Structure formats: structure tokens, C-alpha cells
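Protein chains: 2
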Amino acid sequence: MDRQELIEQLAVPTEAKIVMIVMDGLGGSIHPDKKQTELEASVHPNLDALAQVSACGVQDPVASGITPGSGPGHLGLFGYNPIRYLIGRGLLDTVGIDVPLTPQDLTARGNFATLDLDKGVLTDRRAGRIPTEENIRLCKKLSGLKIDGTEILVQPVKEHRVSIIFRGEGLSDFLTDADPQKEGVPPIPAKTLKNEASKSAEVVNRFLEECRNRLKGETRANCLLLRGFSKMVNLPSFSKIYKLDPAAIALYPMYRGLARLVGMTILDSKEQTLAGEFETLKENWNKFNFFFLHFKATDSAGEDGNFEKKVKAIEEMDHQIEKLRAMDPDVIVVSGDHSTPCAFSGHSWHPVPTIIYSKKAHYRGPERFTEYQCAKEGFLGRISSTEIMPLALANAGKLLKYGA
Amino acid sequence: MDRQELIEQLAVPTEAKIVMIVMDGLGGSIHPDKKQTELEASVHPNLDALAQVSACGVQDPVASGITPGSGPGHLGLFGYNPIRYLIGRGLLDTVGIDVPLTPQDLTARGNFATLDLDKGVLTDRRAGRIPTEENIRLCKKLSGLKIDGTEILVQPVKEHRVSIIFRGEGLSDFLTDADPQKEGVPPIPAKTLKNEASKSAEVVNRFLEECRNRLKGETRANCLLLRGFSKMVNLPSFSKIYKLDPAAIALYPMYRGLARLVGMTILDSKEQTLAGEFETLKENWNKFNFFFLHFKATDSAGEDGNFEKKVKAIEEMDHQIEKLRAMDPDVIVVSGDHSTPCAFSGHSWHPVPTIIYSKKAHYRGPERFTEYQCAKEGFLGRISSTEIMPLALANAGKLLKYGA
Numbered sequence: 011m012d013r014q015e016l017i018e019q020l021a022v023p024t025e026a027k028i029v030m031i032v033m034d035g036l037g038g039s040i041h042p043d044k045k046q047t048e049l050e051a052s053v054h055p056n057l058d059a060l061a062q063v064s065a066c067g068v069q070d071p072v073a074s075g076i077t078p079g080s081g082p083g084h085l086g087l088f089g090y091n092p093i094r095y096l097i098g099r100g101l102l103d104t105v106g107i108d109v110p111l112t113p114q115d116l117t118a119r120g121n122f123a124t125l126d127l128d129k130g131v132l133t134d135r136r137a138g139r140i141p142t143e144e145n146i147r148l149c150k151k152l153s154g155l156k157i158d159g160t161e162i163l164v165q166p167v168k169e170h171r172v173s174i175i176f177r178g179e180g181l182s183d184f185l186t187d188a189d190p191q192k193e194g195v196p197p198i199p200a201k202t203l204k205n206e207a208s209k210s211a212e213v214v215n216r217f218l219e220e221c222r223n224r225l226k227g228e229t230r231a232n233c234l235l236l237r238g239f240s241k242m243v244n245l246p247s248f249s250k251i252y253k254l255d256p257a258a259i260a261l262y263p264m265y266r267g268l269a270r271l272v273g274m275t276i277l278d279s280k281e282q283t284l285a286g287e288f289e290t291l292k293e294n295w296n297k298f299n300f301f302f303l304h305f306k307a308t309d310s311a312g313e314d315g316n317f318e319k320k321v322k323a324i325e326e327m328d329h330q331i332e333k334l335r336a337m338d339p340d341v342i343v344v345s346g347d348h349s350t351p352c353a354f355s356g357h358s359w360h361p362v363p364t365i366i367y368s369k370k371a372h373y374r375g376p377e378r379f380t381e382y383q384c385a386k387e388g389f390l391g392r393i394s395s396t397e398i399m400p401l402a403l404a405n406a407g408k409l410l411k412y413g414a
Numbered sequence: 011m012d013r014q015e016l017i018e019q020l021a022v023p024t025e026a027k028i029v030m031i032v033m034d035g036l037g038g039s040i041h042p043d044k045k046q047t048e049l050e051a052s053v054h055p056n057l058d059a060l061a062q063v064s065a066c067g068v069q070d071p072v073a074s075g076i077t078p079g080s081g082p083g084h085l086g087l088f089g090y091n092p093i094r095y096l097i098g099r100g101l102l103d104t105v106g107i108d109v110p111l112t113p114q115d116l117t118a119r120g121n122f123a124t125l126d127l128d129k130g131v132l133t134d135r136r137a138g139r140i141p142t143e144e145n146i147r148l149c150k151k152l153s154g155l156k157i158d159g160t161e162i163l164v165q166p167v168k169e170h171r172v173s174i175i176f177r178g179e180g181l182s183d184f185l186t187d188a189d190p191q192k193e194g195v196p197p198i199p200a201k202t203l204k205n206e207a208s209k210s211a212e213v214v215n216r217f218l219e220e221c222r223n224r225l226k227g228e229t230r231a232n233c234l235l236l237r238g239f240s241k242m243v244n245l246p247s248f249s250k251i252y253k254l255d256p257a258a259i260a261l262y263p264m265y266r267g268l269a270r271l272v273g274m275t276i277l278d279s280k281e282q283t284l285a286g287e288f289e290t291l292k293e294n295w296n297k298f299n300f301f302f303l304h305f306k307a308t309d310s311a312g313e314d315g316n317f318e319k320k321v322k323a324i325e326e327m328d329h330q331i332e333k334l335r336a337m338d339p340d341v342i343v344v345s346g347d348h349s350t351p352c353a354f355s356g357h358s359w360h361p362v363p364t365i366i367y368s369k370k371a372h373y374r375g376p377e378r379f380t381e382y383q384c385a386k387e388g389f390l391g392r393i394s395s396t397e398i399m400p401l402a403l404a405n406a407g408k409l410l411k412y413g414a
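Sequences listed follow chains A and B, in order. Heads up, our numbering is the position in the first sequence plus 10, with the first residue counted as 1. Heads up, our numbering is the position in the second sequence plus 10, with the first residue counted as 1.
Just so you know, these hints were derived from the structure itself, not from any lab. A quick note: this is a predicted structure, and the numbers were derived from the prediction, not measured. Be aware that one or more of the hints could be misleading.
Which copy is meant is left open, so a pair is good if it fits within one copy or across any two.
Dumping the calculated EDC-like pairs for lysine to aspartate or glutamate here, alpha-carbon to alpha-carbon at most 20 Å [to be verified]:
1) Lys386 x Asp58
2) Lys253 x Glu143
3) Lys253 x Glu219
4) Lys411 x Asp314
5) Lys292 x Asp187
6) Lys386 x Glu397
Turn these sequences into a full structure, and let the hints guide you.
Rendered as C-alpha cells:
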């Protein structure tokens, strides 16, 4: 029995409300020029005040030294073992475009590309980054295809990028990419990695051939490249395990998709800002008892290596914390799906500072909400991301005693 | 998938260099008379300076409360689960005598002993601790034996101790010791613990009989006792898992043997001192990208319960740290395979203070490199020894992102 199965046995439905604030890429590291982390440099009195009365610590999203993508980072926060459940790239892109998936679906991400028909080689893997409107027009050209009983849905993403769903019986994702990843060479077919994928390889390769036929008149986007084949992952239901009625508030499709994969209800915000997200939270306060609220700006600034911008993003969240506390949740979790230090301009393996506030249980936390103070002065010490959901449930009074 | 398998999927080869300094038995405990630990009592400004800018913590070599031998202690540092992989006593002795082993080999450690031929009982289990030269002469007497297709290699170790390799097909280590562990009783044969070991039991017992024949004329060493039967352990290759080209610098055979078991290249030092080991490191700097450097004196002093000597050993290492930093490694790990507090005159279960320095990632560490400061002020907190290799690789930029 893994930890989540134990939690499922002990969780009981109650009225208590849990809010999980995910500040994407929250964790930083000491910047070589600033000699501080982003949290240390920012002014966030409301987060500090919350930390002071909470169980704080740092959490490893996957394991020591592992730099997680957004998929494993969120699965861990939702309490799912991110090594046991892996979400493939194609699936992650596809869940992000708000198309409901079925368990047999095989997904892939794709690029429109330019193929020199005379020489038979790729001259632009991104088809000159065609505008999204052109992408939408081309996807219509490729719609309605059915090969060997398998329906193929082609969805525009952005610029040259598309998302593909192969929907039919007996499909497998043990396939190599149908993308040479470079220019000046011919396109390549998908090959099987296991025998069970032979039907899939045939369907995929016939589909790619048919795409080239249908795109023949196009000057830039006359070819499709596919990669990251992935099947739907069968995640146990969040509401069944935790006996919660969960809702997700996220502006970016990928995070809405991740929440949908575990069965959360996706809420739309009128205003596409953090303030708008908190407005959505307030409006839906009485309808759910678990809210996942995703904030992207901390990660984007970290990816850009923009220290001041990440500091500002933290401060933007801080302003909303007062509103949140006014709603009087029973438990508030503040954490991130991974660290994105500006010093690295990308995700990193550093553990993420974490607050678990409880109305029911009283704690003494660090003076300030920073990486080092959470690690050194937090009552939780260093934990795994998958410990957050059990701790949130316990602190909300939603877990029965284990054993007599 | 265990953690090491995940790391194998994510590790990529790069030029970055990692140095792992193992101060054997590094961890101490508060001495009842001195009211300090050995690290607290020693003056080690270079280790302190390194700790101040590093991710520090304490590590459990195997698990809470477990006092490890050198085998599990080192396997954990190398990233191998020391509960999954156990190196038998016979094997540990044998790998230490620089004899290459094959996967079918059955190894054992042995003693020359004195048998009273009239009464048929053992009178001295150590044959009066015969000098090593006599041991060498006797081993020659026992050489060239072959029983039932199994070759038997008898290697002198020191004084009355020998190491035996049974080399042939179908051998098993499910055998009891052929050593009653006391005097005044007859020698005993090896017995099978599983049916698969019946051939091994027969070979071993016929070998012991033949030894008594060949040793008949000897007055002291006229009998051989065997214990710790162990087969070669099949450890996955260090370089294959981590994509590193590893070298080991160690003066004692056992540690060279442990490094050889995971596939490290063993380097010889001209001068058999710690300074000589660092000289070897410098000479080989451009040939490898991972160095394991073993220092024995901290453990020896701990085993002797000699507090001042252990303090001096720590200070001896401290003098070398400057040289090491001048080589400018990308990552430096300083830890131990277990604790050997002088207060215990032996190994103990206490977690071991640990430094992980990175050129790429910046940290704020404790003022001093001691057990308590690492535990309370280190950013890593308390970790498992098997987390050190993933952290070292991450801090050297050698691990890809996990998941999309």
C-alpha cells in the first residue's frame, strides 16, 4: 500500500475548506550578484505573517537533485507519486488545449514544417513560425481524417505548433519521434519501440503521408513533424481519494489540463490577472471545498532570469493574501511546483519553500517566508511534495485515526 | 523504478569535475570528558570556509539507528541502496587483495588455526598469530588445488588471516561458517542453508580436509577455518549510471576494492600519505571527471578512542583543502562512510556531517563545519547518503529535467 492508498482509507468528507496556492517556480537560489534569493529581496509582509503562524519547511518536488518539469511538479503537490505517474510531452500539450481525452487516446505534439519537395529535405522545422490564424486554417485542411478505424484530431496550439489526438482501439505510445530534430535531412517515420506499437506506427505514418498530400499547395507549411507520443495516463481521482470537491483556477491551459487530469473542475476567470483569479476564488467559495490556484508569473520571470520581475511577482501575490485570509479558509498551502532561480534562467532541483497554515492547529513559524528560513526554522523541515496533501487534510481535520 | 534508475535516465556526460572526499568515520559525538565533538575541537578553517558557501547537512549512511560497516557506508556514498546491495564479509576481504574476481566466484575469509590432533579440538583459533611471512609460505603449500572442477585460490592477508576464492560453475553462498568461533571444540564443516549450495558445501569441506592433510607437519598452523562465504555482488556500473569517468585514490586495499566493485579506475600514489593522495589527484586531474579520495586516519583514531589523534587527522585533511580548491572542481563533496566517535571507540549510527560545494549554484552554509551546525543550519537538513550522488550531479549540471 503506498501512502496515497493509506490516505484514501483515512480521508473523510467535511465542510472544511483547503486552498492550495501554487506559485510556479517559487523557489530561488542565492543570486551571484545580488547575494540574495528572490524571496529574500522581496517585501511580502502578508506571506511573512502567514508563515509566522504556520508549519513551514521546504519540499522536494520529485527527489534530491531532480529538476522537475511542470507535470511531475504538480502531480507531487496533488499527492501523486511523480515517479510512478509520468505525463508524456504530447499528453501535457494536449491536456492544455481543453479537449477532453479518453483512456485509449494516443497524443503527440507536432510542428508544421517546410519541406523542399525537389530535394526531399526539411528546410525549416518551424515553417517560418506561421501566424496562429494560418495554423487554424491548415488544421481545418487536416480535419476529418480516419485511418484503419482510428480518428485523428488535429488541434492548433500557437504559431507552427499543433496537438494531435489519435483516437481508436489498440494504440500504444512505444514509438520513436517522427521528427529528425534538424534541417537539411528528409522527414523520418515513427518506428516501433515495442511490437505492440506496430498498428500505431502504421496509422501515424499513413497520417503523415496524407498530411503531405493535403498540404501540397502550401509554400511554407507543407509537412508535419510529430514527437512526444504519449498515451493518456490513468490517474486515480483526486475527489475519490481525498473526499474533496476540488476546483482549479489557472490562466494557462497546461495547468488547467493538469488539474483536469486528476478530475478537478476548471473555473474560468473573467479577468486574466492574479486579482481576477482571486475574484474567481471568492465567487466560487461556497461551491467547492478544495481550490488549486495557479500563479505563473514567478516562473516566467525566473525563466527570463529577471530578478526584479520575480521579486515583483512575489509581491503581487503578497497583496492577494489579505483577501484570501478574509475568506477564512481552514487550511492554506503556499508552495511551488519546482524552483526557477533567476540565477539559472530555468527550472532547478532546489527544494521549494512551503507554508501549511491551519485554523485548527497552531504553529510557530519563521520570521520571514524565505528558502533558508523555511529550511532552517520551519517546523516541517525538509519534506517530499507528496506529504503536502496528507498534511493539508490532517490540518483541516479530514483524516481519521490510523489503527486502533 | 528506484531512484538510481531514474538518475541513470537523466544523467548526461559533461566536462564538469566532481571530487568526493571521504573522511572515513568522520562523524563524532560529544565526548563525555571533552564536552565537544572531534570536529568542534579541531581547527579547520579551510573546511569551515568551504561549508560557509555550500549546501550542508547530515546524512544517514543506511537508515536511522543503523551502524554501517565500510561496505554499506561506501555503497551509499556512491549512490547504491546499501540495503539492496550487500557485500559479504568474504567478498570485502577478497576485493581488498587486488585479485580480479569473476561473477561466479565464491569467496570466504579464513584463519590458520591450531588443532590438537590427538584430542581433535581447536586450541588456538589464530595459530598464535603467525607472522605474515609464514602465512605466505603456508598459502603456497595450499596452492594449485582443484576439487570437482572448482579451482581454489588461497591468498595471504596478514598474520594468520587468508582470503579464499572458489572458482567454478554452480557455486552458492548459502553456507554456514566452517568455524565454531571458539576453542576447545572440534572444527565444524560448512552446512547448506539452501539445497542449491550442496555442491559448494562438498567442495568447501573436501578442501578443508585436504588443507589438514597438506598442513600435517606444521606445529601451529595445521588447520584452516572459513567464514563469511559470499558470492560476487553484481553492482551496476558507476560510469554507466552516472555517465562519469571515475577514479579512486585510496591507500588501503579494502577501499580500493570497493571502488573496483563499482568499476572505478584505481590510481596508485607514490607517497603513501594524504599529501601523496592529493598529489595523485593533481597528476590525474585531466584524465577523469569524478574522483573518490579516501582518508583513513579519522576512522583509525576514532576506533582507538584517541580524541586528540582524530582532531589532528581532521586538521591534516584541512591543510589539503586549499590545494583542492586551487584545482577548481565544479563540485566538491566532503563526507564520511559512517561516524566513528572516539566516545564509542568504534563505528556508530550517528548521521555524518556533509558538504556539497558547487561552482554553479550558490548557497549559504553554517559558520563552522561540525555535526550540530550542519544539522541545524545546513540547507540540506538531514538526508540519506544515497541522495549525495544525485545532488552532486545536479550541482555539476549533469542531470536533465525530469518530465515535461
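(message) Which constraints among the numbered hints does this structure fail? Numbers only, ascending.
(response) 2, 3 and 5
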